[in-house]
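Enquirer: When the letters of the sequence shown are read in order and numbered with mature numbering (1 follows the signal peptide of the UniProt record, and there is no 0), they come out as residues -19 to -1, 1 to 377.
Rather than coming from a laboratory, the hints here were simulated on the basis of the structure.
Note that beta-carbon positions come from the ideal geometry of N, C-alpha and C, so glycine has one too.
Take the hints with a grain of salt, since some may be wrong.
Said to hold, decoys possible - Pair by pair, the computed Cβ-Cβ distance ranges are:
1) D52 with Y280: 46 to 52 Å
2) D160 with S12: 35 to 41 Å
3) E279 with E210: 51 to 57 Å
4) E343 with E178: 49 to 55 Å
5) D351 with L32: 33 to 39 Å
6) Y131 with H272: 25 to 31 Å
7) N353 with D248: 56 to 62 Å
Unchecked claim - Derived DSS-like pairs: lysine-lysine, alpha-carbon spacing no greater than 27 Å straight-line:
8) K7 with K97
9) K288 with K70
10) K29 with K101
11) K134 with K70
12) K190 with K267
13) K321 with K124
14) K352 with K335
15) K348 with K36
16) K31 with K61
17) K158 with K139
18) K158 with K187
19) K124 with K25
20) K61 with K132
21) K336 with K31
22) K25 with K303
23) K338 with K31
24) K7 with K124
25) K101 with K31
26) K336 with K321
27) K70 with K158
28) K123 with K29
29) K123 with K25
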Amino acid sequence: MKKIFVTIASLLALSLVNCDVYFEEKFPDDSWESSWVYSEHPGKEFGKFKLTAGKFYNDQEEDKGLQTSEDARFYALSRKFEPFSNEGKPLVVQFSVKHEQDIDCGGGYLKVFDCKLDQKDMHGESPYEIMFGPDICGPGTKKVHVIFSYKGKNHLIKQDIRCKDDVYTHMYTLIVKPDNTYQVLIDNEEVQAGSLEEHWDFLPPKMIKDPEAKKPEDWDDRATIPDPEDTKPEDWDKPEHIPDPDAAKPEDWDDEMDGEWEPPMIDNPDYKGTWAPKQIPNPAYKGAWVHPEIDNPEYTPDPNLYKRDELCAIGLDLWQVKSGTIFDNILFTDDVELAKERAEVVKKTQEGEKKMKNEQDEVEREKDKDKNEEEDDEDLDDEGLASPVVSHTIII
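Construct the complete structure from the given sequences, taking the supplied hints into account.
Expert: Structure follows, in structure tokens:
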């Protein structure tokens, strides 16, 4: 029994050893300034990031992250790490985003690059492998981007994934598996999942319409037809407009000067419109014709849709109208359970943020209340000073 226990323990230890954390960044201090690189791509004025936990938080040190600090700016900041491939393994991309500025329009996503990225020249057109995260612009755009590069082209997910749009921290997780399936989680809860092949247009369709097939000429797809026995009633045809029978010729109407008087036209209450025979079921109806499909000769399955041959850099390449977004808790790993465990921290973070923000809001409400009361008192004082002095003269 002891030997069996040791063997199981060894297997568990081996499974842990085989799990990799490829990259992790929690921004504990200012050391990020020496490892992250700002782009110097010409023609754009890039904004700066600062290290902060924001205006409200759960733990001032633990909740520090990189915050966008300038309004109406592009941001381009990147960091390289040891290259890796996810061949034969899951890939987890996870990070937290906090839009404490109540964002109106701006990105909250990150990009993952291969080793060819020129960090000093990173910009919006720099080729990337993965783009993942929230994007908000007005009421019409509140979505999670999941974009993969495949054979030199960027492919957007076909499903609509709604992102969080409040002011608190949220954890975004993308899991890509070797069986060509994926999951997207927000705060450790699945919001989308499925097949890479079905939810992206990486490959041509498996089936296409048979170019040789045509609808038979005698195919009747009319569900109903006019009743051949139906006839138009004899009294059906009535004019749409008739002279107003209540109209009278004005007394001052001069036929020589004004021409022959005609009463104005009004809608005819007896008008029934254009007659059409009633419809009856078509006895020859065969249903809607369906174009036959054949195997697409251009289609070839790819069991490696999930695979990234080389991942080497992370970039925050985005635009924001109103700054204040905080990025933190970045994790790239093949250990799904580890990522879920790390993501659990977001619940405690949100609780602390909501508590502090509620306290701050209450203080502001009290300030506004006191300010309004002071203004009301000043208005009353002004009214008293402005009151006219009334003199009374007594006449004896």
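Enquirer: None of the hints should be skipped; say for each whether it holds.
Expert: Evaluated hints:
no. : hint                       : in the structure
1   : D52 with Y280: 46 to 52 Å  : holds (48 Å)
2   : D160 with S12: 35 to 41 Å  : holds (38 Å)
3   : E279 with E210: 51 to 57 Å : holds (53 Å)
4   : E343 with E178: 49 to 55 Å : holds (52 Å)
5   : D351 with L32: 33 to 39 Å  : holds (35 Å)
6   : Y131 with H272: 25 to 31 Å : holds (29 Å)
7   : N353 with D248: 56 to 62 Å : holds (60 Å)
8   : K7 with K97                : holds (25 Å)
9   : K288 with K70              : holds (9 Å)
10  : K29 with K101              : holds (14 Å)
11  : K134 with K70              : holds (23 Å)
12  : K190 with K267             : holds (20 Å)
13  : K321 with K124             : holds (22 Å)
14  : K352 with K335             : holds (25 Å)
15  : K348 with K36              : holds (18 Å)
16  : K31 with K61               : holds (19 Å)
17  : K158 with K139             : holds (18 Å)
18  : K158 with K187             : holds (22 Å)
19  : K124 with K25              : holds (26 Å)
20  : K61 with K132              : holds (23 Å)
21  : K336 with K31              : holds (24 Å)
22  : K25 with K303              : holds (17 Å)
23  : K338 with K31              : holds (21 Å)
24  : K7 with K124               : holds (25 Å)
25  : K101 with K31              : holds (19 Å)
26  : K336 with K321             : holds (24 Å)
27  : K70 with K158              : holds (7 Å)
28  : K123 with K29              : holds (24 Å)
29  : K123 with K25              : holds (26 Å)
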